[in-house]
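J.: Each chain is listed here by its residues.
Number of protein chains: 2
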Amino acid sequence: MGFRRKLRESVERNNSLLCVGLDPDPGKMPAGISVARFNRAIIDATCDLVCAYKPNLAFYEANGLEGLRALEETIAAVPPGIPIIGDAKRGDIGNTARHYAHALFDSFGFDAATLSPYLGFDSIEPFIAYTKKETFLLCRTSNPSAKDFQDLMVQGQPLYEHVAFKALEWNVHGNVGLVVGATYPQELARIRQLCPEMCLLIPGVGTQGGDVEDVVRYGTDASGANAIINVSRAVLYASTASDFAEAARLSALKLRDEMNLFRVGG
Amino acid sequence: MGFRRKLRESVERNNSLLCVGLDPDPGKMPAGISVARFNRAIIDATCDLVCAYKPNLAFYEANGLEGLRALEETIAAVPPGIPIIGDAKRGDIGNTARHYAHALFDSFGFDAATLSPYLGFDSIEPFIAYTKKETFLLCRTSNPSAKDFQDLMVQGQPLYEHVAFKALEWNVHGNVGLVVGATYPQELARIRQLCPEMCLLIPGVGTQGGDVEDVVRYGTDASGANAIINVSRAVLYASTASDFAEAARLSALKLRDEMNLFRVGG
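So the protein lines, in turn, are chains P and V. Numbers given in the numbering used here equal positions in the first sequence, counted from 1, plus 27. Numbers given in the numbering used here equal positions in the second sequence, counted from 1, plus 27.
Hints may contain errors.
One copy or two, it doesn't matter: identical chains are merged, so the pair holds either way.
Below, a list of computed lysine to aspartate or glutamate pairs in the EDC-like style, where the Cα atoms sit at most 20 Å apart [as the list claims (entries may be wrong)]: (1) Lys193 x Asp178; (2) Lys55 x Glu93; (3) Lys193 x Asp149.
Simulated from the structure, these hints should not be mistaken for lab results.
Hey, can you work out the whole structure from these sequences and the hints?
T.: Structure follows, in structure tokens:
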């Protein structure tokens, strides 16, 4: 099953736009628990409340081979109906990009991946060629320094809008999406206007401070869908004690319901 | 010892600007040989001819955990005096970038890493904080699609020049370098002019078609140094039969000597 259908079904089944970012940080997890066990507990506690999961590879790579083994176990712990987005932000020349696509889509088996656009089309093409997988291009990111390059004006429009236009042009298989930070609601609204049917992956709600109402109003499409709203730390570390999984569930439930308050048809 | 000094010493010891890109592609390697054995043979055959090695992580990640184990063995096989550049092209928000920096510099132990600039300063800062390591920002890459975004004109200058200016501004510890493709000699000359003292990592000679004379003339600094000229496929796959290591040595020797022909003080 392709990513888009899998996502649509899990959005409906769990009545949710919430994606939980599985970014295990040993400094914030309860003492003594392994990454794989921590993630499994989070997944078990939230898998009826989310539309997707999004592990960020940095948090696994930081632990070397052991970390990547934990990533494999984490992927295996996600129930089959829920899409998993590999947040990798890769970007390399075509010959190399083929190997990254193979790593993310075949080896790890992610349903989708995030990519950096800086190298242009030939760095993206090997990913788009996997027509059942979704490729999310970084467009306007959630961090304070996003402005350093993404807001530079090119022919009267900020660079990130040029990225959005290129994404539309490259979206011949209907499997290209964009990453847009929740922390910049105006930019999000503008990108949704430019790309009315595109799937948007929207991190930045929770610890980063993005507003749920703005994100749902500006990020969803006309039918109230095609927005994946990611929260990591505010769910994972709702409690850092032994009740972390219950606290994560409560946080996820609250976020999901708050998102649905503002959602057309939610 | 810091990267810059380690590089200077290996450039002098081996009288070389040549960096060999350790990008093992099973489809091009002699049948039946493991990645770790292939790389060890390449390293043994070339380690008196290079100034650095540069494994691109995609080629290891494509093989999952086994691939990353091969990367660890490869790093261990490089003689201690030769710097190793982790070609990872990462780029993520500050909180995540810290984990990538830890993965590349502490876990793998690379002497340097490549990063994508698209997310701006806070995605780069955790890397620059490792003052004995070098951080190379993608500036003008070697691939045909580099032009899609990197050449867009911002206030009368292409985007990649803005990246070069930011790199200069962020280079407070003297450990920021730039990646500039050998396939664009005019852009390379322009970047060297803007950044006369910066260390440039220059891929694209060999299979990608960059011209050795242009690269040495335009890429080195006034003393004929601070340019790391990377060749991957033209060395690794000089022969795909059992004599691959000897063929790699001959190719590396030829490239090194050709580079020195055009090098000031070489």
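J.: Look at each hint and say if it fits the structure.
T.: Consistency of the hints with the structure:
1. Lys193 x Asp178: This pair counts as both: shortest intra-copy Cα distance 16 Å, inter-copy 14 Å.
2. Lys55 x Glu93: within (18 Å within a copy, 29 Å between copies)
3. Lys193 x Asp149: within (12 Å within a copy, 25 Å between copies)
Violated hints are absent here; each numbered hint is respected by the structure.
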